[in-house]
Amino acid sequence: MRRALLIASPYLWLLALFLVPFAIVLKISLSDIALARPPYMPQWHPGDGLVALGEFLGSLDFENFVFLTQDDLYWKAYLSSLRIALISTALTLLVGYPIAYGMARAAPEWRPTLLMLVILPFWTSFLIRVYSWMGILSTEGVLNQFLTGLGLISEPLQVLNTNTAVYIGIVYTYLPFMILPIYSALEKLDDALLEAAEDLGCNRTEAFWLVTFPLSRTGIVAGCFLVFIPSLGEFVIPSLLGGSDTLMIGKILWEEFFSNRDWPVASAVAVILLLILIVPIVLFQRSEEKAREAAK
Amino acid sequence: MVNETRFAPWDDPEARPLIQFRGVTKRFGDFTAIDDLTLDIYPREFFALLGPSGCGKTTMMRMLAGFEEPTAGEILLDGRDIAHVPPNRRPVNMMFQSYALFPHLSVWDNIAFGLRRESRDKAAIEARVEEMLRLTRLTKFARRKPHQISGGQRQRVALARSLAKAPKLLLLDEPLGALDRKLREETQFELMDIQEKTGTTFVIVTHDQEEAMTVASRVAVMDEGRIVQVATPEVIYEAPNSVYVADFIGDVNLLRGTARARPAETAPEDQPQETQQAAPDAMPEQVPATKPGDRRYQPNALGMRLHNTLARVFGAWIEDEPKRLPAPEPAAAPKPKAAPAPAPAPDIPPGGIEIDWAQGQPAVIAANGEPALDGKPVVLALRPEKVSIAKDRPVAPNVLGGKVIDIGYLGNISTYHVQLSDGSMVKAQATNTRRIARRDITWEDEVWISFSATAGVVLAE
Amino acid sequence: MRRFSWFNATSLTLGFAFLYLPMIILVVYSFNDSRLVTVWAGFSTKWYGELVRNEEFLDAAWVTVRVAFFSSCLATVLGTMAAYVLVRAGRFRGRTLFSGMIYAPLVMPEVITGLSLLLLFIGIGLDRGVFTVVLAHTTFAMCYVSVVVSSRLTTFDTALEEAALDLGASQFDSFRLVTLPIIAPAVISGWLLAFTLSLDDLVIASFTTGPGATTLPIKVFSAVRLGVSPEINALSTIMIGIVTVGVIIASLISKRAAVAQARDEQAAPRTT
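So the sequence lines, in the order shown, correspond to chains G, U and F. Going by this note's numbering, the first sequence opens with residue 9, and the numbers climb by one from there. Going by this note's numbering, the second sequence opens with residue 22, and the numbers climb by one from there. Going by this note's numbering, the third sequence opens with residue 3, and the numbers climb by one from there.
Some hints here could point you the wrong way.
[Stated by the list, open to error] Here are the simulated lysine-lysine pairs, BS3-like style, with alpha carbons at most 30 Å apart:
#, chain 1, residue 1, chain 2, residue 2
1, G, K196, F, K257
2, G, K298, U, K161
3, U, K161, U, K203
4, U, K203, U, K412
5, U, K166, G, K298
6, U, K166, G, K196
7, G, K35, G, K196
[As the list claims (entries may be wrong)] Label pairs and their in silico Cβ distance ranges:
#, chain 1, residue 1, chain 2, residue 2, range
8, F, R55, G, L160, 40 to 48 Å
9, G, R225, F, L167, 40 to 48 Å
10, G, L283, F, R97, 20 to 28 Å
11, F, I244, G, P120, 15 to 23 Å
12, U, A145, G, E214, 48 to 56 Å
[As the list claims (entries may be wrong)] Partial selection, computed: residues in chain F whose CB lies under 8 Å from chain G:
#, residue
13, P24
14, F33
15, F72
16, L228
17, I240
18, I242
19, V261
Calculated directly from the structure, the hints in this document are not laboratory data. C-beta: ideal position from N, C-alpha, C; glycine also.
Given only the sequences and the hints, what does the whole structure look like? Please build it.
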């Protein structure tokens with residue numbers, strides 16, 4: 009009896025507040041606009057011609073999805089999200105690996121402090137961390153003042169409201185997610201393995217590429233997925249740091265919903281985003297299982 | 022180590038050592054790990070560095086491998102100073118204690134690793150790897166990864182990998198520590214076999230004296246950065262040069278007392294010592310019972326990873342281990358009763374010394390003792406297997422009475438813990454030639470222990 | 003360390019500079035006298051004054067703290083139950099679905115979670131406000147709590163619970179007296195995580211909130227959308243300060259715990 013109650017409470021909660029809502033999204037994505045629009049929400053028609061609402065809705069179920077394939081905007085937004093997520097993941101790896109490596113090679117008594125320093129930003133508001141770059145990257149911002157002050161540039165650089173700013177924002181905010189798994193892989197690395205490599209004739213560089221790097225691969229893979237998956241659906245970073253030409257699907261969904269009030273299309277956008285995400289999630293799951301098998 | 026022609030280059034003044042330590046000192050900050058050490062190791066030797074942890078044996082090995090540089094002194098290999106040559110430039114390879122097998126490479130690739138560093142000749146590498154695989158009987162496992170083979174096989178991979186480059190010197194750091202007892206014994210002989218086949222000089226570091234005695238041509242017993250004694254296993258066992266060595270190697274009774282020179286009717290020259298090559302067996306190690314494979318719930322990968330990433334945040338200040346209660350103190354052993362007075366010994370060989378070791382006890386005669394020790398405090402080191410035990414008083418140079426307190430049954434032999442009348446304990450061993458029910462000595466028995474006048478080694482305190 | 007080189011020192015220095023400089027700049031400019039955030043016009047604390055007088059921000063902060071408190075408490079209870087079910091309840095109908103529902107919200111983009119909850123609330127005609135935000139935050143935070151707690155539970159020695167049962171405790175007592183005290187650190191971790199996530203959340207709150215329940219992140223977001231503002235700098239500085247103090251206190255506690263534990267271990271008799 010108690011067991012049933014124990015199971016039922018979290019189970020029912022998640023059913024009601026996770027699964028059912030998602031089923032509603034799925035249903036609305038397949039419905040037409042008249043059914044899905046609640047009467048107390050007045051329709052807001054966009055004037056920018058992004059969507060020609062009346063034409064495609066009101067008939068068949070998959071029309072929202074058909075629409076998504078027909079309208080350039082969505083295709084481009086998905087592709088551009090993927091590209092931005094991929095590039096920023098690669099950049100995060102480039103920035104994060106040396107930090108993780110330096111941490112793992114630091115004296116053991118320093119490591120907890122370094123670890124805390126990496127984790128501390130995670131506790132401060134995500135929004136604030138993104139916002140902090142606005143003051144740095146703007147045309148009159150700290151970066152431009154610094155560079156003009158040095159005489160390196162005469163004209164201020166336009167960084168804010170470009171994709172570059174989005175890359176910086178993603179690298180900055182997700183850096184701990186990259187550093188931590190790589191660090192824990194490197195920390196586990198037995199020094200004897202490097203000594204063995206040297207003993208067998210490697211110099212330091214060879215030992216790094218033949219031993220350290222391949223053995224930190226699980227950490228690299230995990231870190232990349234942990235950065236890639238959330239940055240794909242990112243909303244805050246593109247909307248604060250990106251420009252009007254920065255297309256990211258999280259931002260499109262937000263605008264579709266709040267600005268265009270087109271719920272069926274927003275729902276369809278969400279469903280497709282989720283389908284795209286399933287691939288990396290499953291891949292990640294596999295690689296983690298493999299790593300766990302290997303660790304046995 | 023049975024060779025028809027005796028292998029003893031250390032006795033040959035013509036022999037050129039392969040390795041020479043000359044006044045080597047190694048300090049880590051204030052701590053002196055190796056203290057002005059001089060030592061020669063000869064080609065084809067199987068040389069053991071033996072000592073408790075922290076005695077400096079590992080530091081010596083790491084200096085040979087090139088992972089540590091001596092603070093002072095030189096280390097010569099074939100007459101060339103290698104003290105400051107990096108590890109990847111030395112004809113020296115090492116078998117690591119943890120084996121340090123590269124987990125991402127197959128057995129084959131592990132063995133080929135060192136060969137690939139120096140040569141691009143694929144065919145030659147292949148041939149050499151195959152040869153090593155055959156030597157270590159690993160051909161079947163060449164494609165496996167290190168985690169897919171057993172501990173004994175891993176040990177052989179490590180050996181094959183370090184031998185593949187045909188080093189002049191192979192270092193073995195506690196090579197058998199991770200193996201269970203039975204496998205360890207088998208592997209010891211395998212190691213000796215391979216050493217003989219390849220003709221490589223082996224230096225082994227170990228804290229296991231039995232292992233050192235079994236495999237080594239010579240053993241160096243170390244203590245606190247110094248070498249206490251370097252000699253063949255027989256000499257180390259039968260003629261230790263100090264109480265430390267006697268106590269460290271094997272089981273020993275130490276009788277402390279004062280020496281008194283005895284009149285020498287005949288010259289107390291070195292008497293042939295009965296060579297008994299029987300390292301006392303220790304109690305079999307207890308293998309920890311593995312938990313039954315209870316299937317536990319495991320969080321899925323992404324969740325686990327997220328947890329590990331996020332919960333690190335808390336991990337820093339939250340102790341995760343359950344609190345443990347201290348183990349209960351073992352009950353104190355009951356105090357044994359006083360033993361009866363012994364009867365005097367009849368037969369007295371000439372020369373040597375007598376040792377007065379306890380009030381009201383007959384002096385112990387050590388005919389091999391140095392009379393010059395007269396009046397000095399000495400220790401008689403007496404191996405238990407050289408002490409006989411009997412219910413009836415035997416006729417022997419040294420006979421002491423006592424009571425059996427404890428019997429350690431080891432199968433082939435039994436060790437009797439006999440308490441003498443002054444309360445001291447002496448261990449005596451007897452071979453179990455009879456079945457257990459027929460053995461006549463049991464707990465609380467009044468017994469006589471006896472040993473010859475040359476059974477012990479007299480050591481200055 | 004033998005292998006600690008200049009390369010490592012440089013990469014650590016640059017790396018941590020990258021992590022911390024933006025926040026340091028933010029803090030510095032919060033004391034700028036000028037409204038033009040990028041021009042330094044002398045030291046001033048006037049933006050802190052403005053912030054304290056700004057009723058909207060204060061209201062939003064109060065809403066946020068209330069939401070975070072209620073949702074994190076609820077999430078901790080539900081998440082701990084979920085963890086216990088996952089690790090200990092054995093097989094039951096729908097177990098796979100259950101564990102799927104626990105992990106999915108962790109990787110679900112916030113926009114989707116927010117959208118789906120909003121559609122649910124509209125569908126059942128629930129008036130949106132503090133209550134709906136609490137429901138939403140509880141749902142995704144409980145998943146984090148259950149991951150934290152379940153990973154502690156998996157390493158928990160079941161023999162301890164069995165010992166309690168053996169000594170006569172009821173199932174519930176053995177949980178209350180043995181399991182809970184041992185997993186307490188993980189439960190507290192989970193609560194803190196849930197609290198922070200709720201404080202921090204912008205997207206889900208934006209979807210599920212209603213009139214009169216504007217949380218601080220929503221307020222901040224709508225302010226900074228228009229550009230950098232000195233009040234927000236001041237607000238950020240306060241939040242960074244709170245977090246820093248909190249983490250320092252936590253690390254001091256942990257250090258003391260570690261020292262105490264080391265001492266206890268030394269005092270305990272060695273059994274080898």
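(Q) Hint by hint, where does the structure go against what was stated? Just the numbers, ascending. (A) 4, 7, 12, 14, 15, 16, 17 and 19
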